[in-house]
Amino acid sequence: MKFSFFPLALAGTILTLGACDVSNGLDLSSQQFKSHTEIDALNETQAVGSPFTQYLTKEYRDYANIEQDSMFDFADALHFARKGLASAEGDAVMPEPISDWNLQPSQIDALRTGRNRLINAYDRGGRELAPQESAIAQSRFDCWIEQEEENWDSPENVVCKNEFLSAIDILETKIGSAPIPVEEVMAPVTEMSSAEVEPMDIEDAKYIVFFDFDSSALEESGASVLDAVAAEVAKRDVSSVKVSGHADTSGATAYNLKLSQKRANMISKALQQRGVSSESIETLSSGESVLLVDTPDGVREPANRRVEISFE
51 MKFSFFPLAL
61 AGTILTLGAC
71 DVSNGLDLSS
81 QQFKSHTEID
91 ALNETQAVGS
101 PFTQYLTKEY
111 RDYANIEQDS
121 MFDFADALHF
131 ARKGLASAEG
141 DAVMPEPISD
151 WNLQPSQIDA
161 LRTGRNRLIN
171 AYDRGGRELA
181 PQESAIAQSR
191 FDCWIEQEEE
201 NWDSPENVVC
211 KNEFLSAIDI
221 LETKIGSAPI
231 PVEEVMAPVT
241 EMSSAEVEPM
251 DIEDAKYIVF
261 FDFDSSALEE
271 SGASVLDAVA
281 AEVAKRDVSS
291 VKVSGHADTS
301 GATAYNLKLS
311 QKRANMISKA
321 LQQRGVSSES
331 IETLSSGESV
341 LLVDTPDGVR
351 EPANRRVEIS
361 FE
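For the sequence shown, the numbering used here gives the first residue as 51, with consecutive numbering after it.
To be clear, the hints were calculated from the coordinates, so they are not data collected in a lab.
Note that CB positions come from ideal geometry on N, CA and C, so glycine has one too.
It cannot be assumed that every hint is accurate.
With a cut-off of at most 20 Å between alpha-carbon atoms, the simulated EDC-like pairs for lysine to aspartate or glutamate come out as follows [unchecked claim]:
{"no.": "1", "residue 1": "Lys224", "residue 2": "Glu178"}
{"no.": "2", "residue 1": "Lys108", "residue 2": "Asp150"}
{"no.": "3", "residue 1": "Lys292", "residue 2": "Asp347"}
{"no.": "4", "residue 1": "Lys285", "residue 2": "Glu269"}
{"no.": "5", "residue 1": "Lys312", "residue 2": "Glu282"}
Pairwise CB distance ranges, derived in the manner of DEER restraints [stated by the list, open to error]:
{"no.": "6", "residue 1": "Asp159", "residue 2": "Thr87", "range": "31 to 41 Å"}
{"no.": "7", "residue 1": "Asp219", "residue 2": "Glu270", "range": "20 to 30 Å"}
{"no.": "8", "residue 1": "Ser330", "residue 2": "Ala91", "range": "36 to 46 Å"}
{"no.": "9", "residue 1": "Gly325", "residue 2": "Pro346", "range": "38 to 48 Å"}
{"no.": "10", "residue 1": "Arg286", "residue 2": "Pro346", "range": "36 to 46 Å"}
{"no.": "11", "residue 1": "Glu269", "residue 2": "Lys308", "range": "12 to 22 Å"}
The task is simple: from the sequences and hints, build the whole structure.
Have a look at this one:
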């Protein structure tokens with residue numbers, strides 16, 4: 051299987067560059083310098099981690115270089131270079147959230163369907179069973195959504211969309227239509243009896259709920275995390291539940307502090323609805339001061355938009 055990124059017409063890219071940089075609050079001259087620095091680092095790094103993260107690193111490396119050298123889109127080049135650097139460290143970087151991009155309503159349904167297909171394939175073991183196909187599908191999805199934002203009226207924006215649709219078809223064929231049990235995806239490293247397995251100390255447990263950009267709404271994936279938290283509280287001697295809200299660096303510091311508090315309050319309320327005592331819950335907000343992924347100011351980072359839940 052072979053796919054290749056197809057650069058859009060250079061003239062169209064130049065025309066949209068100014069709008070892209072203004073919408074992201076970036077200074078072009080300084081952003082160009084940052085973009086080169088991080089892409090140089092990505093070009094020189096040796097990826098580690100799973101086969102999926104190593105393949106994904108290569109995909110983001112190729113795309114970031116195209117965005118910088120052929121498209122002169124330094125803001126997006128920086129963004130995808132950062133995703134490549136995270137993947138090179140072994141992190142399973144997720145496909146782009148739809149809410150992070152300035153899209154027309156007519157574009158969203160197809161993108162949402164495509165992203166749901168990709169996440170469903172991951173849930174069925176796609177990254178483990180078909181790592182290269184999974185990496186190609188994700189990189190083409192990210193290319194598709196970026197092209198949709200910048201080239202609303204250009205017929206060339208279907209290139210990455212078509213490559214994504216081909217890649218996801220191949221991925222789904224390889225993993226089949228039935229859910230893959232975890233035991234079949236990853237074999238245990240050692241044989242251990244149930245008597246030998248000790249539960250994690252409650253103080254060491256941590257749960258994380260992630261949020262869409264500029265949102266404190268609980269998504270379905272976050273609700274599943276809270277179900278697990280409530281079950282853990284019910285079966286173990288938990289005297290205190292700490293709920294700590296966070297935000298990424300895009301936006302004013304004061305606004306992000308309030309947003310992180312809203313996220314923490316929402317999680318607290320949702321836990322109470324699941325039977326966790328309000329007296330046991332402590333809510334904290336850190337705004338953008340405690341980042342899971344270190345970024346410059348003004349950067350949208352999905353991993354930093356979160357609430358962390360821990361126990362005492």
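Which of the listed hints are not met by the structure? 2, 3, 4, 5
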